[in-house]
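One line per chain: the protein sequences are A, B and C, in this order. FYI, my numbering numbers position 284 of the first sequence as 284, with every residue one higher than the one before it. Take any residue in the second sequence, note its place counting from 1, add 433, and you have its number in my numbering. Take any residue in the third sequence, note its place counting from 1, add 684, and you have its number in my numbering.
If you are wondering where the hints come from, they were derived from the structure by calculation, not from laboratory data. Everything hinted at is true.
Simulated DEER-style distance windows between Cβ atoms:
1. A:W284 x C:I1005: 32 to 42 Å
2. C:T964 x A:P79: 36 to 46 Å
3. A:I230 x C:L973: 54 to 64 Å
4. B:Q659 x A:R343: 52 to 62 Å
5. C:A987 x A:I230: 42 to 52 Å
6. A:N218 x C:T964: 24 to 34 Å
7. B:I628 x A:W284: 58 to 68 Å
Computed, partial: chain B to chain C, Cβ under 8 Å:
8. V527
9. G552
10. F554
Bear in mind the structure is a predicted one, so any value in this text is a computation, not a measurement. Even for Gly, the Cβ is constructed at its ideal location relative to N, Cα and C.
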Amino acid sequence: MNTSVRNTALFAFVGLLILGTGIVQGWNSALLILNMGLISAIMSLGVNLQWGFAGLFNVGVMGFVALGGLAAVLVSMPPVTEAWAAGGLRVIAGLLLGAATIAAAIYARSHMTGRTRSIALLAILIGGFFLFRAVFDGGVSAVEAINPASTGYLGGLGLPILFSWPVGGLLAAGAAWIIGKTALGLRSDYLAIATLGIAEIIIALLKNEDWLARGVKNVIGLPRPVPREIDLQRDAGFVERAASLGLDPVIASTLYTKIGYAILFSIVLIILLWLAQKALNSPWGRMMRAIRDNEVAAEAMGKNVKARHLQIFILGSAICGIAGAMMTTLDGQLTPGSYQPLRFTFLVWVMVIVGGSGNNFGAVLGGLLIWWLWVQVEPLGRGLMELVTSGMADGSSLKKSLLDSAAYMRLFTMGVILLVVLRFSPRGLIPER
Amino acid sequence: MANDTAFHPQNDDKMTEPFLIGDSMTGGYGKGPDILHDCTISVNRGEIAVIVGPNGAGKSTAMKAVFGMLDVRGGAVRLDGDDITALTPQQRVVQGMGFVPQTSNIFTSLTVEENLEMGAFIRRDDFRGTMAQVYDLFPILKEKRLQAAGELSGGQRQQVAVGRALMTQPKVLMLDEPTAGVSPIVMDELFDRIIEVARTGIPILMVEQNARQALEIADKGYVLVQGRNAHTGTGKELLADSEVRRSFLGG
Amino acid sequence: MDLLNSLIVLTNFVLVPALAYGAQLAIGALGVTLIYGILRFSNFAHGDTMAFSTTITILFTWWFQSIGANFGPLPTALLALPFGIAITALLMLGTDRIVYRFYRQQKAKPVILVIVSMGVMFVMNGLVRFIIGVGDQNFADGERFIFTVREFRDWSGLEEGFGIRTTQAITVITAVIVVALLFWFLNKTRTGKSMRAFSDNEDLALLSGINPERVVMVTWLIVAALTTIAGVLYGLDKSFKPFTYFQLLLPIFAAAIVGGLGSPLGAIAGGFVIAFSEVTITYAWKKVLVYALPDGLEPSGLAQLMSTDYKFAVSFVILIIVLLFRPTGLFKGQSV
Ligand SMILES: Nc1ncnc2c1ncn2[C@@H]1O[C@H](COP(=O)(O)OP(=O)(O)OP(=O)(O)O)[C@@H](O)[C@H]1O
Ligand SMILES: [Mg+2]
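Looking at chain A on its own, in the form it has when it is part of the complex:
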């Protein structure tokens, strides 16, 4: 079987899985899986760019995805004018002071020497910190005091939410730049640990900085890029067309919006995939892989390995940020408490490895397939457990705990899949050419 036939067959297989889900479990579930699958495919495209092209080990995917989610809020929600009036400028001034402190410290570090430098640095950092807190804290409490039950934050720019997708990419790129600057060029595991750390910190920021995006109080009701179901159901024309297709208007409206999302996501995926393929086959992509395969030789040939790595690290993270903004758009809400590293970072890695690291199509396939599995393993596990426990007396504690534990089957399964693929087919389903 030649490779393109094989690859088409693999994609067709995933398509069948989703179609089958539609037939067995309903089209609503199938579209839900498809939509998150498309987003997962984008994330895994981003990680594949870093790992497959450059051998960079990023385990902070969750953080970049969450930054995308933040972008969705900051771009699309209406600004809270009272909050701005109460303390918005003060918050901004505080942040600027903080940034100025860091800039001053960096300047002092590069323009001074010896003991004076240490003293100056210490003075700048300590003085700057207290100044920042003095200005910033007051602003924050003023902002958070404004109608805390429904706002208590600064709000966003009130722009269409689609703008947040590129903005999410930019935010993630900024964070990636900071991490990359420090941790690239050192051992590969250092980057991993640094990214793991930054992801935790980003989530901590989202959970605790209420003035920014309401923290764990969540921002709900984000504007949507596709019509709301309710609006469709009220639209006489839509109800009529649905009826002519023999569909219930409620079902028709949910399918309609989900298909709308699916189309939008597919467009983004196709654009990114096209760009990634272009990049892979460009001289730049070849150079990246040359560096990945032999860093020492590439360095000896005068390639600036660290700068190239920084580039690709930023690009890959930005793609994760875009996917994050898309995901929050799909959810219609930002819930910082729901970001789990296993779900958002490590699962994406399973997608890349299973799909085929170094191959963009592999990454996309892995994203769709593993997402489908992730969703389906739980009901499958539950079914299995029900079968196992069917003989036990109702209400026995063992039965209950076995049934409860079905939820954790998927972590276990994903781990086993990852290990098996790494061992027996380390190049993945669609290997790098």
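We have chain A; now place chains B and C with the ligands onto it with these hints.
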């Protein structure tokens, strides 16, 4: 010291051949190209054999091949008449071979004494006597025995490396550039020590960058060029050979 | 101004907790650093392995409690500890056999092993939740305090006091014993020295006849003991929750890297550096300052540099500073 066989009772069928020989070895690293081509090196009982040649000639590779650190595709390695081609390096240590590699030949974070102990790792008997002998041979090591080996000078490190290899009481010692990176005075000193070791009856197969001096103490010399035996002879013959002098000894 | 009371408040809220936490991190980091030194990869499954070993110990603790076995004033978990270690050791040896050994023989790049450890992490994660669920488990029993704040105040007649919980004392004492044993083992025994030799120069260790598989096996056994001890001590001192243990990965790695990956001494130093920084930076200093500063200069706010929600940021920032200025860590690890 030539043909001094007092330490090893002669044994007729085994005397027909050198104590250790890498015979017509052909091979390279992993799946890479062949580096050695039909290359033979050997050392007789009680003798010193020296391998010289330009950088990249394959001297270290030949030593590693003899020690089993790379697979030879052709040829054989025999120790005291026994074919040991299939043995792993560890098994060769047990068979009585000692090897001091060219690079990373000491445990830098371990003390000098611990380095020697690790040299004796395969020994289950009391090795304090051997350690005392090594300290007698290299008195400076005794002085520094509790210091991390990585903190020693280049020449002292080489002594640790040789001492480590001696701890197994090897029947043959292989040294890859024992005098690399040491000053001329220390080098003379090291050569003296090596001759001393050889006098105790341990045959020595060594690679040397300082060809002239090394050939002066050598019973047998090999000149390797591009993985092949270019010249072979006694140390004196090679020193006298005009072509060897012109190409490798700088006139 | 009342420096004595200020010092006592400081002891109660900063020194004692940080000492205990530092000891836990240090033992955790020792495990990471040993694996790094011998097997040469950063083990991402470490946090979840800690969770697994603690889970097993908790199960044994419950069992002991149910049959009425106890350890007097000490927590029953200490009785269960050897069982936890034994089962964890079996699990680790099994994991090495079916997972890691293959890559070792292939001489796979370290980063591949890191990814493999990620797979192991998933499996452990599922296993732990399978066995004990995701919730908080408090399994400390026995005497809660060695002496309480009130007892100290009554005894000393001072305004302020400090107390020491049993678990804190146990943590520190255990840590001292563990570290002493480990260093004795590494520096004085033949096997320990061969481990250090292997970590220092693998090729030369092979040439010296050191058996790598044996070194690896001993390493896993030691690491099993270290992870179980670290996990149980942390669980006794705080409480056990699987996700918290995953999150401990960051401070533990930070500790190991700050000290210098591969250096046991560094791991211990790193553990305390991270713990003390985390506690001092997230502690509200108001009470200490009220005593320490002259009248009229007391701070108006809590005098807290950072909210405790950002404690991970502290490990992270220290990590970044070390990476920027001294990538080999305080004690010159093997890295870069
Ligand atoms: N580990 C290795 N893997 C692949 N090739 C190697 C390896 N070590 C050496 N080579 C190659 O083998 C050839 C011979 O190298 P070798 O180290 O044997 O030379 P040498 O004679 O010892 O040189 P020198 O005098 O510089 O020590 C060189 O071309 C080198 O590039
Ligand atoms: Mg050489």
